[in-house]
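K.L.:
Read off the chains here:
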Amino acid sequence: MSTTPTSTTTSSNGIAYLEFEKPLERIERQIEELEASQTVTGRDHSAMIRTVRGELLAARRKLYSNLDPWETVQMARHPKRPLTPDYLNLMVRDFVELRGDKNFRDDRAIITGFGRIGNLKCMFIGHNKGRDTKERLENCFGMAHPEGYRKALLKMRLAEKFGLPIVCLIDTAGAYPGIQSEERGIAHAIAVNLMEMPRIRVPIVCVVIGEGGSGGALGIGVGDRVAIMEHAYYSVISPEGCAAILWKSAEHAKTAAHALKFTGRDLLKLKLIDDVIKEPLGGAHRDPATAAASLEKYIVDTLRDLKRVKTDTLLKRRYARLRQLGSYFESQSAPPSKPKASKAGVKRARVIKPETPVETQAQAVPV
Amino acid sequence: MAKVEVPEGLWLRCQGCSKMIFRKVLEENLLVCPECSYHYRVDARTRVGQLTDPGTFEEFNADLVSTNPLNWTDSIPYAKRMAAAQEKTGLTEAVLTGRAYIKGRSIILAVMDPFFVMGSMGSVVGEKVAAAIERATDENLPAVILTCSGGARMQEGLISLMQMAKTSAAIARHDTQKGLYITVMTDPTTAGVAASFAFLGDVIIAEPKAMIGFAGPRVIWNTVKAELPEGFQTAEFMQEHGYIDRIVPRADLRNEIARIIDYCGK
Numbered sequence: 010m011s012t013t014p015t016s017t018t019t020s021s022n023g024i025a026y027l028e029f030e031k032p033l034e035r036i037e038r039q040i041e042e043l044e045a046s047q048t049v050t051g052r053d054h055s056a057m058i059r060t061v062r063g064e065l066l067a068a069r070r071k072l073y074s075n076l077d078p079w080e081t082v083q084m085a086r087h088p089k090r091p092l093t094p095d096y097l098n099l100m101v102r103d104f105v106e107l108r109g110d111k112n113f114r115d116d117r118a119i120i121t122g123f124g125r126i127g128n129l130k131c132m133f134i135g136h137n138k139g140r141d142t143k144e145r146l147e148n149c150f151g152m153a154h155p156e157g158y159r160k161a162l163l164k165m166r167l168a169e170k171f172g173l174p175i176v177c178l179i180d181t182a183g184a185y186p187g188i189q190s191e192e193r194g195i196a197h198a199i200a201v202n203l204m205e206m207p208r209i210r211v212p213i214v215c216v217v218i219g220e221g222g223s224g225g226a227l228g229i230g231v232g233d234r235v236a237i238m239e240h241a242y243y244s245v246i247s248p249e250g251c252a253a254i255l256w257k258s259a260e261h262a263k264t265a266a267h268a269l270k271f272t273g274r275d276l277l278k279l280k281l282i283d284d285v286i287k288e289p290l291g292g293a294h295r296d297p298a299t300a301a302a303s304l305e306k307y308i309v310d311t312l313r314d315l316k317r318v319k320t321d322t323l324l325k326r327r328y329a330r331l332r333q334l335g336s337y338f339e340s341q342s343a344p345p346s347k348p349k350a351s352k353a354g355v356k357r358a359r360v361i362k363p364e365t366p367v368e369t370q371a372q373a374v375p376v
Numbered sequence: 009m010a011k012v013e014v015p016e017g018l019w020l021r022c023q024g025c026s027k028m029i030f031r032k033v034l035e036e037n038l039l040v041c042p043e044c045s046y047h048y049r050v051d052a053r054t055r056v057g058q059l060t061d062p063g064t065f066e067e068f069n070a071d072l073v074s075t076n077p078l079n080w081t082d083s084i085p086y087a088k089r090m091a092a093a094q095e096k097t098g099l100t101e102a103v104l105t106g107r108a109y110i111k112g113r114s115i116i117l118a119v120m121d122p123f124f125v126m127g128s129m130g131s132v133v134g135e136k137v138a139a140a141i142e143r144a145t146d147e148n149l150p151a152v153i154l155t156c157s158g159g160a161r162m163q164e165g166l167i168s169l170m171q172m173a174k175t176s177a178a179i180a181r182h183d184t185q186k187g188l189y190i191t192v193m194t195d196p197t198t199a200g201v202a203a204s205f206a207f208l209g210d211v212i213i214a215e216p217k218a219m220i221g222f223a224g225p226r227v228i229w230n231t232v233k234a235e236l237p238e239g240f241q242t243a244e245f246m247q248e249h250g251y252i253d254r255i256v257p258r259a260d261l262r263n264e265i266a267r268i269i270d271y272c273g274k
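Sequence lines, in order, name chains A and B.
Following the numbering used here from start to finish, the first sequence increments by one per residue and tops out at 376.
Following the numbering used here from start to finish, the second sequence increments by one per residue and tops out at 274.
Keep in mind that the hints were calculated from the coordinates and are not lab data.
Treat the hints with care, since some could be wrong.
[To be verified] To spell it out: a stretch of chain B is covered by chain A in this simulated footprint if at least three of its residues, at any positions, have a beta carbon under 8 Å from a beta carbon of chain A; those stretches are: (1) 74-80; (2) 127-136; (3) 167-178; (4) 248-256.
[What the hints assert, rightly or not] Distance condition first, Cα-Cα at most 16 Å in a straight line; then the derived EDC-like pairs of lysine to aspartate or glutamate: (5) LYS263(A) with ASP82(B); (6) LYS96(B) with GLU16(B); (7) LYS186(B) with GLU205(A); (8) LYS217(B) with ASP253(B); (9) LYS287(A) with GLU305(A); (10) LYS257(A) with ASP82(B); (11) LYS325(A) with GLU142(B).
[As the list claims (entries may be wrong)] With beta-carbon atoms standing in for the labels, derived distance ranges: (12) ASP61(B) with LYS130(A): 47 to 57 Å; (13) ARG274(A) with ASN230(B): 25 to 35 Å; (14) GLU16(B) with LYS257(A): 24 to 34 Å; (15) ASN230(B) with LYS278(A): 31 to 41 Å; (16) PRO62(B) with ASP314(A): 51 to 61 Å; (17) GLN333(A) with GLN247(B): 35 to 45 Å; (18) PRO88(A) with TRP229(B): 23 to 33 Å; (19) ASP321(A) with ASN148(B): 15 to 25 Å; (20) ARG86(A) with ASN79(B): 19 to 29 Å; (21) ALA92(B) with LYS325(A): 38 to 48 Å; (22) TRP229(B) with PHE171(A): 42 to 52 Å; (23) VAL33(B) with THR320(A): 56 to 66 Å; (24) VAL232(B) with TYR26(A): 30 to 40 Å.
Quick caveat: nothing in here was measured; it's all calculated off a predicted structure.
Just so it is clear, CB atoms sit at the ideal spot from N, CA and C, and this is done for glycine as well.
Sequences and hints are given; from them, build the entire structure.
P.N.:
So this is what it looks like as structure tokens:
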């Protein structure tokens, strides 16, 4: 017999479906019923089951390759989604955690330490949202305080001293918005990281593995390559926050999610990130080992490339990469009172530095 | 014409002390209340006039405008919002950059405008600030930036967030070349601008009572669900916690900047 009855289908891994995944659940239910009736009645439904399984696979492929931005947010925030420690367990050998900012305390929202990936020795830095309630509370749900960013920088300096490349795994709703966070200079801590990361003299690879929330993400997000997992998102503000400010109601979060263009696909088009890392069908949480394998391959391949580059060249390129981020043009007449000027000007956009070709300039694709 | 946050008129009621003030007196006093020292917000052009030696400001990149890369529309289209801001302020964007002199000392200056879409930072602000800092590095001049901003401009999405990294990288380069960088935080300096070039000054100055912080007070309140301390997120609060070198009243800014430049060489 090709099929055996099981209470939960292997495809769902016992993980509850999100609202937009419900159509899949119906097909799975159908398969379960067929299997059950096969056992009870002894009739052979295997042909039918095969057909429905085919349908299920087709439906899943279709669904997950076309997630809209709001669905992507649900995936990125999925409670079962692999976190930094999961990826470290699955792809890093001999992880040596190094704690504390040597100044105030050890912020559990960001974990740092030595580890081996492929045959490379690296420094790993990543947000940790926490798995159970206790850990989530301890870690402030992965929202770091200033000492988290200072700890990250301290470990980056350590990596630089011993020539170890740096891998940053980003997964946070944002830096912690609290009284003590402000008192201890959260803005200052993030700013300092943004100033120091461009001149750390070892390769830096950053990957958004879940939520890339604003300054809290960018605070460990400056590097030679920045990638994002297929169902992660990276945004200047949460869709809820954006809706509350610009639409005056958090209920418009879905609308804001569409407007913000923060999925991997959009960010690639806008040339804000370098790569999108494929996830297993149904998302990283349905097959963490495969997700970790893709991430590992990306990190190892990228670091091998970067290690071949001379440090001075690496830093020049890192600066150039940051420097070209933006989308603007020089209007010919710049009339402040003519609203049409910007629209019309897009077509005759003049490049800012005449000696650089248009392609290298920051001409993000108007979508 | 100075734009204060009060209706036009010959007289106005001070927002700080509620006394009636003659507008002309307020303007002559650099938009600081002569009674209670309340510092009104100052538009970028007026600020340049207050700060620099007369006639010395030479603007850079005056014509840069955003491409509206996300083709954004919220309650109103971004293009319309920009046009309205340009109409209201007479500026093309939320920052003015250029070369100027302060008490005879040559500097590269950037001044943000609180009235242009809340001084928010999109592609153009990021580019103008980064270009100005590069200019300061290349010409071996001090960079002085007067910040005021609600943060990154949401209407340009992640591109705006990346301006934080871009401007900070330019400052790193300036710092490596031993360039001097002075920031003057004015009301309000928050979020993405606070968490990038505003807090990276070699010397950080703030105007009295300016609001300075990262997260908005409402967001914080929603997280902690508790009363925020008295004077939370003001210049004085940030100085007490060790993040501001000096709080300087507006009338003394020219002097203070010149003094610091003299100490730091260049």
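K.L.:
With a cut-off of 8 Å between beta carbons, are at least three residues of the stretch 167-178 of chain B near chain A?
P.N.:
Coverage by chain A holds for the stretch 167-178 of chain B (11 residues, Cβ < 8 Å).
K.L.:
Is 35 to 45 Å respected by the C-beta to C-beta distance linking GLN333(A) and GLN247(B)?
P.N.:
holds, 37 Å
K.L.:
PRO88(A) and TRP229(B), beta-carbon distance inside 23 to 33 Å?
P.N.:
Distance hint for PRO88(A), TRP229(B) holds at roughly 26 Å.
K.L.:
Do the beta carbons of VAL33(B) and THR320(A) sit within 56 to 66 Å of each other?
P.N.:
holds, 59 Å
K.L.:
Does ASP82(B) lie within 16 Å of LYS263(A) when you go C-alpha to C-alpha?
P.N.:
Holds, because 12 Å separates the two Cα atoms, which is no more than 16 Å.
K.L.:
Given the hint that LYS287(A) pairs with GLU305(A), test it: the Cα-Cα distance must not exceed 16 Å.
P.N.:
With a Cα-Cα distance of about 12 Å, the restraint between LYS287(A) and GLU305(A) holds, given a limit of 16 Å.
K.L.:
Falls inside 47 to 57 Å, the C-beta gap from ASP61(B) to LYS130(A)?
P.N.:
holds, 56 Å
K.L.:
Quick one, are LYS186(B) and GLU205(A) close enough, alpha carbons at most 16 Å?
P.N.:
Satisfied, since the Cα-Cα distance of roughly 15 Å is no more than 16 Å.
K.L.:
How does the stretch 74-80 of chain B fare against chain A when you require at least three residues with a CB closer than 8 Å, holds or violated?
P.N.:
holds (count 7)
K.L.:
Is it true that ASN230(B) and LYS278(A) lie within 31 to 41 Å of each other by Cβ?
P.N.:
At roughly 33 Å between Cβ atoms, LYS278(A) and ASN230(B) fall inside 31 to 41 Å, so the hint holds.
K.L.:
Do the alpha carbons of LYS217(B) and ASP253(B) lie within 16 Å of each other, as the hint requires?
P.N.:
With Cα atoms ~14 Å apart, LYS217(B) and ASP253(B) stay inside 16 Å; holds.
K.L.:
Honestly, do ARG274(A) and ASN230(B) meet the 25 to 35 Å range at C-beta?
P.N.:
Once the Cβ atoms are compared, 31 Å apart, the range 25 to 35 Å for ASN230(B) and ARG274(A) holds.
The structure fails none of the hints (numbered hints given earlier).
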